[in-house]
Each structure stands twice: as C-alpha cells, then as structure tokens.
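Asks: Chains as they are written, first to last, in the numbering used here: chain A, 1 to 115; chain B, 1 to 115.
If you are wondering where the hints come from, they were derived from the structure by calculation, not from laboratory data.
Some hints here could point you the wrong way.
[Unchecked claim] Here are some chain B residues pointing at chain A (derived, C-beta under 8 Å):
{"hint": "1", "residue": "33"}
{"hint": "2", "residue": "40"}
{"hint": "3", "residue": "42"}
{"hint": "4", "residue": "48"}
{"hint": "5", "residue": "52"}
{"hint": "6", "residue": "54"}
{"hint": "7", "residue": "90"}
{"hint": "8", "residue": "103"}
{"hint": "9", "residue": "104"}
{"hint": "10", "residue": "106"}
{"hint": "11", "residue": "108"}
{"hint": "12", "residue": "109"}
We put the CB at the ideal spot given by N, CA and C, even for glycine.
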Amino acid sequence: DQQVKQNSPSLSVQEGRISILNCDYTNSMFDYFLWYKKYPAEGPTFLISISSIKDKNEDGRFTVFLNKSAKHLSLHIVPSQPGDSAVYFCAASPSTLYNTDKLIFGTGTRLQVFP
Amino acid sequence: DVKVTQSSRYLVKRTGEKVFLECVQDMDHENMFWYRQDPGLGLRLIYFSYDVKMKEKGDIPEGYSVSREKKERFSLILESASTNQTSMYLCASVRPDATGNYGYTFGSGTRLTVV
Numbered sequence: 001d002q003q004v005k006q007n008s009p010s011l012s013v014q015e016g017r018i019s020i021l022n023c024d025y026t027n028s029m030f031d032y033f034l035w036y037k038k039y040p041a042e043g044p045t046f047l048i049s050i051s052s053i054k055d056k057n058e059d060g061r062f063t064v065f066l067n068k069s070a071k072h073l074s075l076h077i078v079p080s081q082p083g084d085s086a087v088y089f090c091a092a093s094p095s096t097l098y099n100t101d102k103l104i105f106g107t108g109t110r111l112q113v114f115p
Numbered sequence: 001d002v003k004v005t006q007s008s009r010y011l012v013k014r015t016g017e018k019v020f021l022e023c024v025q026d027m028d029h030e031n032m033f034w035y036r037q038d039p040g041l042g043l044r045l046i047y048f049s050y051d052v053k054m055k056e057k058g059d060i061p062e063g064y065s066v067s068r069e070k071k072e073r074f075s076l077i078l079e080s081a082s083t084n085q086t087s088m089y090l091c092a093s094v095r096p097d098a099t100g101n102y103g104y105t106f107g108s109g110t111r112l113t114v115v
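Please model the entire structure based on the sequences and the hints provided.
Replies: Rendered as structure tokens:
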C-alpha cells in the first residue's frame, strides 16, 4: 500500500522553464512534507519542506505547494537549470514537532533539464 | 555539518555470504535508519533505531538484521545474501527536535551487488 505516490517516473524540461513535480498521499494523519533531491551514487539531500498549517513555502527557485483537501503537494522549480537534473523524492511524516517518526517516501521522479 | 558515513561505496558479495554494512554519524543523533532504494519502488525502510540497543522493524525487514551497540554506529546485516538483495542501501540519522523538523541526513549510500 503506497501511502505516498509520485505518479510521474520522469520529467523532461528545457532550461529556464518551470519544472513541476507532483506528489499525492493517502494518509490524512501526515502533518509534514519534505522534498529530497538525489544525484546518482549519492545519498538524498534535503531540499525544502512544508508543514500542514501552510499551503506554500518558498526557498529561492524552489516552492512547495500543499493542497490538504486534495492530499496533493507539488514542487515548482523556476527557472530550471541543468544542475537540477536528479531524482526527486517527496516524503511525509505524521509529526512536525518531533523527528521520532519515520518518513514515508514516494517512488521518485527523475527530472532532466536540457539546454 | 552533520556527517553520515557509510563504510563502503560499492560491494560485491556472493550468494549465501553474511554481509555487514556499516554506518556512522558524528552529531550525536538518537535516531538512525536503513533504507534501500530500487528503481520504481523509491526508498523503503528496512530497520530503524531510536536509541542504543533499540531496534524496530521497518516495512521490509525480512532477510536483514541490525545492530546498535553505540549511539553513533548502526549496522545492517544480511544474514545470507541473496540476489534479490542487490540494491542501493542508504543510512540516515536525525535528532528529535521540538523546534523544527528538517528531515534526515543521509549517507552517500552503498551499492551492493550479490552474485
């Protein structure tokens, strides 16, 4: 039972354009959401997060949107750069206050940004 | 910066061998996790630990065991390696923090091939 789903396994975007990566979840108890970026042969690195009390969080070129009623979040990258080419995982946790809960990860979306 | 170090980047082992994957973190984190990453399946949790001597099963513990004798070290053990355990193994750690939640810090991963 996949509680966190990334339905697009891959996405190809031209440099300078917007990249939109989507993630859906099924568990209404999830309270905190994160995006990770992973290059080949490296571990995932934290990118951006959002608490369920917000619907938007922005950090430079990266913005995460949360639609709780639809149980959907998205990551926007504007403008996209070739260095953004990587696999992106969304993750969910039932806790915002304590890091004791394990994260549930999606299956990942491979983003390719071409010149 | 928090550092999570996995002792081997690449390993090749034979079917039936006992395999040890080592993970060490240097920031006094209580919580440590072992995931495996497979194409199309994302990151799946194998085992985790909230403290020394403590361990909890994740979603796919079969064929694995763990050891946490010291706070900084969390070992994953493949009791009798099989070809379906060929994968990328990722260790992560995090400190419970009531002031915020920035997710895990991952190691660089161990690419294990069982032949």
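Asks: Which hints from the list above does the structure break, by number from lowest to highest?
Replies: 5 and 6
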